[in-house]
Amino acid sequence: MGKEIILHVEGLRTEFQTERGIVQAVNNVSFVLHRGETLGIVGESGCGKSVTNFSILKLVQYPPGRITDGTVLYNEKDLLQCSEDEIRTIRGKHIAMIFQDPLTSLNPVIKIWVQIAEALRLHQGMSKKDAKAKAIELLKLIGIPDAEQRADNYPHQFSGGMRQRVMIAMALSCNPDILIADEPTTALDVTIQAQILEIIKNLSQEHKTSVIMITHDLGVVAEMCDAVCVMYAGRIVERATIDELFYDPKHPYTIGLLNSIPRIDQDSEEHLHSILGAPPDLIDLPIGCPFQPRCTHAMEICAYKSPPEFSMGGDESRTVACWLHEKEHAHG
Amino acid sequence: MVNTDILLDVQNLKVHFPIEKGIIFKRNAGWIRAVDGVSFSIRKGESLGLVGESGCGKSTTAMTVAQLQASTAGKVFFEGRDLSLITPKELRRERMNFQIVFQDPYSSLNPRMRAGDIIAEPLRIYARKKIISISKKEVLEKTASLMDRCGLPSSSADRYPHEFSGGQRQRIGIARALSLGPKMIIADEPVSALDVSIQSQILNLLKDLQQELDLTFLFIAHDLAVVEYFCSRIAVMYLGHIVETADSKTLYNQPIHPYTRALFSAVPLSDPRSARKRKRIILEGDVPSPSVVRAGCPFMDRCPDVMERCKVETPTLSNLDKNHQVACFLYDSPGKER
Ligand SMILES: Nc1ncnc2c1ncn2[C@@H]1O[C@H](COP(=O)(O)OP(=O)(O)O)[C@@H](O)[C@H]1O
Ligand SMILES: Nc1ncnc2c1ncn2[C@@H]1O[C@H](COP(=O)(O)OP(=O)(O)O)[C@@H](O)[C@H]1O
Ligand SMILES: [Mg+2]
Ligand SMILES: [Mg+2]
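Taken in sequence, the protein lines are chains A and B.
Count along the first sequence from 1, then add 281; that gives the number in the working numbering.
Count along the second sequence from 1, then add 355; that gives the number in the working numbering.
In case anyone wonders, no lab produced these hints; they're calculated from the structure.
These numbers come from a predicted model, not from an experiment.
Careful: at least some of the hints might be erroneous.
What the hints assert, rightly or not - Quick list of simulated restraints, FRET-style, between CB atoms: (1) N608/B to D427/A: 52 to 58 Å; (2) G558/A to E663/B: 38 to 44 Å; (3) E663/B to E285/A: 52 to 58 Å; (4) S462/B to I564/A: 24 to 30 Å; (5) E479/A to G536/B: 44 to 50 Å; (6) M468/B to P344/A: 32 to 38 Å; (7) N388/A to S439/B: 47 to 53 Å; (8) L557/A to G536/B: 27 to 33 Å; (9) E479/A to P643/B: 18 to 24 Å; (10) I441/B to G558/A: 42 to 48 Å; (11) I489/B to Q342/A: 40 to 46 Å.
Unchecked claim - Some chain A residues well away from chain B (every beta-carbon gap over 12 Å; in silico): (12) E479; (13) F527; (14) R575.
The beta carbon of each residue, even a glycine, is placed where N, CA and C say it ideally should be.
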C-alpha cells in the first residue's frame, strides 16, 4: 500500500521572547503524517508538543511567540505562508483541533447544540434546522444520553468527559482530513478516558481521518498510535513505528522513559528505573545534545556537538538523534 | 482486645458536606455524601492504596483520617486509640505519628518561607509547644540530614519554593512530613502532578524511606499502575464507598467487582501488543452526583451486570477469602463462581 502523505512539517522552529531570554520551544522539528494514520507526539511537560501543534495552524501569538523557520505542507500548500483568511478556512474545516481543557474552547453562555451547529453552518453552509438535527445526531453518536434534551444545556451543565465529547463532535462534524488532539484526556478519569479514546479511534477509522495525538502518556500512545515521535527539549529525539518504539527503543531518553513507568504487572520489590535530574531550561540549552547532562551513556562528543537525526538503515521513518547510533546510519 | 499489628483502623467513616443555599440566611439544601460508610485497616509497615476516580472521596478520607477534617460519623483508631475521644493536647502529640504529603507541591508549600525553614517548621512548633525538646542546633542538624536523605542539596536550604522544580518541591514536602518521625504517612496523590521521569524518582525515594524507617502508608492515587507498584494492598472506592479490597496481586489478576474490572481494563497499557489483544470494558455514562440520596448499589447505573436487587439494596463488603473483600450481590452467596 502506497502511503499518501497528508501533512509534511519540515524544519519547524518556534521561539518565545521572554524577560529572561529567548525560549527555543520548537527546535528544527520535522515529521510526516500519512492519510488515515494516527501519529503520536510524546514527551514530558514543556518539551514543545503544544507549541508544535499551534505552529502548524499558525496559532502562535506574536509577541512573544514567533515561528522563525520551517514549512508545513498540506495539499502542496505551505500553511505558514497562508493568509489569515486562508488559514481560517483550513482550521476547523480541514484540520480540526481538540484541547486538554474543553471548557476554555466552549462558550459558556451558548447552548451546546448552537455551538455545534455554528461550526456546521460556517463550514458546510447548512440551514439552521438541518444543523440542529445534525448536532443532535452527533451528540447521539458520541454517546450523550438524552441527546435531544441535553442539546439545550450550557457547557457547565456537562461533565468534563461530556464536554470533551462535544469538542470531538464539533471537530469531526466537518469530516476534517486531520484531527490534532492535544492531551485530550489528560484531565479526565481513566474510565472516561477510555470512552473518549474509543470514540476518536472509531471515528478516525470510519472517516479515514489522520490524527496527531499529543500526549505525555506512553500508555495512550500504545493504545492509539501507529507511529510516534518522541520529543525532548524542543526536538524530536526518536521516531518509530509503535512496535519499534516499545520493543526496540534506541534513544537513551526513550529507554529511560519507558523504564520509568511503573508497569501494572511489575513486581513491587523492584526499584523503578529513573532518569537523573530534570529537563533543561529551554533558554540556556546546552550546546551539545540536550539530553547529555542526564544521559548515562554520554560520550565526549555529546557535550559539544548536537546529534543530527540519524536514520536507521536508511529508513526515513526510523530516526534517532543520538551519537551512539551514528554507525547504524546508512550512508549515501 | 485489639490486634496489635494494626496501626490504623477506620470504622464506618462518613463525611457529609452541607450544601448551603441562600446568601444571608443559609439554609441546608442537602448533603454531599463525600465519604459514606468506609471501613479499612492498615497493618504496621503495610502500604494501603486507595484508588478511584476524581470525586469518589479519596482526599476527604485522607483528610479525615489525618484529623484535618471532621467526620459525620464513624471512628478512626490509631494504635488502638479512638482519636475522637482524646483531648486536643493529646491529639497534637498523636499527630506526630501521622503526617500528610499532598499532591500539589506548588500550592502546599508556603511560598514566603525558605526550604530549610519549611522542613524545620514542625520541629520548631513542637519545641515551642514543649511537646518535644530539641535545641536550635539540633533542629539545623536534623533538617540538614532530612534534606540529604530526601535528595535535596544542602546548599538549597536558603532557596524559596518557586526556585525548585516540581520533583524537588515534592522532596521538600516529604522531608517536612518526616521531620517529626511519624509512623504513618498519608500521601494524597504524591506523584500525580509530576512527569514520569520525575515520578519514578519520588516513588523510589518513598519506597526506600518506607523500608529504612519502617513506615506505614495510606497512599492515594488515581493512577492504578502507580498504586499497584507502590502498595501491598488496594482498596477501590466509588462514590464514597469501598467496593473492593484485596492484596495488589490478587486485585490485578482477579478483579471481581464490575467497577474494578472496568477500571483496570480502562488503564492504557504501555505495551502495544497486550493493548491490541485486550478486551476493554467501556463503561457508559459518568459518575453520579454524591448529593443525590438513593437506594441501591452506588455503581448500579453504570454496571454492565446490574440486577433488580441492586436498585433497592446496598451491598456491603463481604469476604471472598481472608484477603479479598467485595461489595457486590453477584458474589453474595458463598461458593458462587464467576
Ligand atoms: N507564551 C509563551 N511564552 C513564553 N514561553 C512559552 C509560551 N508558551 C510556551 N512557552 C514555552 O515553550 C516551551 C514548550 O511549551 P509547550 O509546547 O506548551 O510544552 P508541552 O510539551 O508541555 O505542550 C515551554 O518551555 C514553555 O515554557
Ligand atoms: N470542603 C468540601 N465542601 C463541600 N464538598 C466537598 C468538600 N471537599 C470535597 N467535597 C466533595 O466531596 C466529594 C469527594 O471529594 P474528594 O474527597 O476530594 O474526592 P477525590 O479526592 O477522590 O477526588 C466531591 O464531590 C467533592 O466535590
Ligand atoms: Mg501541552
Ligand atoms: Mg483528591
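Hints, one by one, checked against the model:
Between N608/B and D427/A the CB atoms are about 38 Å apart, so this pair departs from the stated range of 52 to 58 Å. Taken as a hint, the range 38 to 44 Å is violated for the pair G558/A and E663/B, whose Cβ atoms sit roughly 58 Å apart. A hinted range of 52 to 58 Å for the beta carbons of E663/B and E285/A is consistent with their spacing of about 54 Å. A hinted range of 24 to 30 Å for the beta carbons of S462/B and I564/A is consistent with their spacing of about 25 Å.
Between E479/A and G536/B the CB atoms are about 48 Å apart, so this pair conforms to the stated range of 44 to 50 Å. Remark: the range hint 32 to 38 Å for M468/B to P344/A is upheld by a beta-carbon distance near 35 Å. Range check, N388/A to S439/B: Cβ separation about 49 Å, and the 47 to 53 Å hint holds. Against the hinted window of 27 to 33 Å, the Cβ-Cβ separation of L557/A and G536/B comes to about 29 Å, which satisfies the hint.
Separation of E479/A from P643/B is about 21 Å and conforms to the stated range, judged on CB atoms against 18 to 24 Å. The hint said 42 to 48 Å for the Cβ distance between I441/B and G558/A, and at roughly 45 Å that hint holds. With their beta carbons about 53 Å apart, I489/B and Q342/A fall outside the hinted range of 40 to 46 Å. Not every Cβ of chain B is farther than 12 Å from the Cβ of E479/A; the closest lies at roughly 6 Å, contradicting the non-interface assignment.
Listed as a non-interface residue, F527/A fails to keep its Cβ farther than 12 Å from every Cβ of chain B; the least gap is roughly 5 Å. Against the 12 Å criterion, R575/A falls within the reach of chain B, whose nearest CB is about 8 Å from its own CB.
Against the hints set out earlier in the document, violations occur for numbers 1, 2, 11, 12, 13 and 14.
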